[in-house]
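First to last, the sequence lines map onto chains A and B. Start counting the first sequence at 1; every next residue gets the next number (the numbering used here). Start counting the second sequence at 1001; every next residue gets the next number (the numbering used here).
Be aware that a few hints might be false.
Said to hold, decoys possible - Using 30 Å as the maximum straight-line C-alpha spacing, the simulated DSSO-like pairs for lysine-lysine come out as follows:
1. B:LYS1314 to A:LYS95
2. A:LYS197 to A:LYS350
3. B:LYS1278 to B:LYS1314
4. B:LYS1314 to A:LYS90
5. A:LYS157 to B:LYS1314
6. A:LYS157 to B:LYS1278
7. A:LYS157 to B:LYS1350
8. B:LYS1090 to A:LYS83
9. A:LYS94 to B:LYS1232
10. B:LYS1278 to A:LYS90
11. B:LYS1094 to A:LYS345
Hints in this document: simulated from the structure, not taken from any laboratory. These numbers come from a predicted model, not from an experiment.
Take a look at the letters that make up each chain.
There are 2 protein chains.
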Amino acid sequence: MSRLIDEKDIENIALGAAILGTGGGGDPHIGKLMAQQAIKEYGPVTLLEPNEVPDDALVVPVAMMGAPTVFIEKIPNGDETTKSLRRLEKYMGKKVYAVMPMECGGLNSTIPFVVAAQTGLPIVDADGMGRAFPELQMETFNVYDVSGTPMVVSDEKDNFVVIETQDNDMMEYLARGITIRMGGVGYIAHYTMTGKKMKSASIGYTTTLSMELGSILRSKDDNYVSPLDKMKKVLSTSDYGEPIGLFEAKIVDVDRSTEQGFAKGTVKLEGINDYTEKTYVVEFQNENLIAFEDDRPIVTVPDLITFLDLETFKPLTTESLRYGYRVLCLAIPTPSIMRTEKALKVWGPKYFGYDLPFVPVEERVMTND
Amino acid sequence: MSRLIDEKDIENIALGAAILGTGGGGDPHIGKLMAQQAIKEYGPVTLLEPNEVPDDALVVPVAMMGAPTVFIEKIPNGDETTKSLRRLEKYMGKKVYAVMPMECGGLNSTIPFVVAAQTGLPIVDADGMGRAFPELQMETFNVYDVSGTPMVVSDEKDNFVVIETQDNDMMEYLARGITIRMGGVGYIAHYTMTGKKMKSASIGYTTTLSMELGSILRSKDDNYVSPLDKMKKVLSTSDYGEPIGLFEAKIVDVDRSTEQGFAKGTVKLEGINDYTEKTYVVEFQNENLIAFEDDRPIVTVPDLITFLDLETFKPLTTESLRYGYRVLCLAIPTPSIMRTEKALKVWGPKYFGYDLPFVPVEERVMTND
């Protein structure tokens, strides 16, 4: 059943989505403030269950694209993504029924609420990754045959571009080049699809899941329950597997660069508490991709790797990682729709240049015991 | 008065435009073949005098953009530019009255004839440079306040992009990035303007001038008249100044690279015949920009610098220059609309990174005597 999302809910969504965002999906603080501001101004937003969307209604995912490292220094006016949506509607000559997120992440789970509040459109409780990924063809929409174009990319100076192509990889390549020339950040609307297609080509209930994850991390109980145990409970009723506490460690080095419009890098860690004497490396491209323990891979993309601050249990985005941080590293097994052979071709370790097979994290961890 | 342009005329236009193209504007051979093929298939094209276009009619310049070095290896299907025009019409929801060239050059003076033949539209006898230039904001249209967008860029794989911006420099920057990601060559339609605006913001009769220049270079007279003298006669009735024979020389080095979507380079020459003991350097970015004699500048952009093969008197594009070629180097003073203060900000030597003032070539040459 549909429900209304208010400012307080956004607080939870931003926090929970940053866990599913696996280090990417943009800064949760800015996204949260933008969505709360829009809801304050225009009123609460209707969140629809996927099955509440008519089969013939048009659904359009909206998002920010670019390097999160750039976004935190180049804050938007606030209406860029709504303008992209309106320009896409005008270009297609069709009215949109609802918007939806493209991915889970602090920013890209909340940006659609900005658009929904500003336009009065409802949001669908589903997305195209169930996590965050760095590239636009890395969407269940693409894997399950939705055209990524027509696509609109806008910037904060009212420059905008419409892309049309038969090839979603070419769409990513062109949009990335445009985003780079727009200064590193673009605001996008694309992967227009019918309600019927959305139901089969997306991951459902990820906004509700983010909201629940955020809520438990913020709740204060009388009896202490570990955050990991709380998360296990919430995720047990979802399409994801049970979360796994991988290690506790201190960051000893972060090597980071902004290349070709992406924030790429490597985090080195030394185990602490129960994990002393072990070393860890996590590699990222906007999002965390692979975790190694003493040079052995322990989690591979598309399974989720998330750092929580060991003191606050707040999730850390890749751009916020710093020397000296003490972290809890979690893995969450991705939904099965993300692990099909067709899907792994688009976002398995090989796509990112690793000569490693995808092995589900729950199997990798069992092997280690 | 309007006239019909047939296959034979195209032969002359391609050759003459390559002289005005000052080394750029694309390979004349491919453009010529494409235009002749289109005229053979669809019939001759109507060339309109600028004043024959109604003031309220819509005129759209069309062209190829990108590195000529790439174009000669990545030959188009032939209908890319027409598709760009049709997509622009559809996007604007308006019908186009006539097309026109953006620049003079072997390819970009003939591509509009391909579009005109395929669509049945007339061509206006005018363009926006009176020569060739490497960038899209280097148009009299831009200097005299025509918006460069909406703009369509297409490629041979049916990918296409619409750009909208208030800033013609940003248009060039975005379109260049897109062209690079399309493989180095794009087919464009933009700078839509009214007939009235076209009359004040373009250089007239450049197609007719190209045709006459091509004709005299190809004619065989009973009495030998030097090609330079023939060109002087044709140019004397135009907006250009009298052509100047700068030097005869042998190419001793060509340093060339494709950078950021442009063909950039330097040609070194040693004087021959009356010019022995002198050395020359010509620098280019798609087009020839500056000529030096013994390290002293003798021609500066936007004045025209053109190499003719000393045996055939055929113009040489920058991508065809090779060690050992013997050349005659010509300068042609550019029309006065190209030399205003406003215009020189867009395409003077400083814009291209040279710490040199623009001095009209006829003054530079007089100083030397």
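Hint check:
no.	hint	result
1	B:LYS1314 to A:LYS95	violated (57 Å)
2	A:LYS197 to A:LYS350	holds (28 Å)
3	B:LYS1278 to B:LYS1314	holds (23 Å)
4	B:LYS1314 to A:LYS90	violated (50 Å)
5	A:LYS157 to B:LYS1314	violated (47 Å)
6	A:LYS157 to B:LYS1278	violated (52 Å)
7	A:LYS157 to B:LYS1350	holds (27 Å)
8	B:LYS1090 to A:LYS83	holds (21 Å)
9	A:LYS94 to B:LYS1232	violated (59 Å)
10	B:LYS1278 to A:LYS90	violated (62 Å)
11	B:LYS1094 to A:LYS345	violated (43 Å)
Hints 1, 4, 5, 6, 9, 10, 11 from the list above are not met by this structure, while the remaining hints are.
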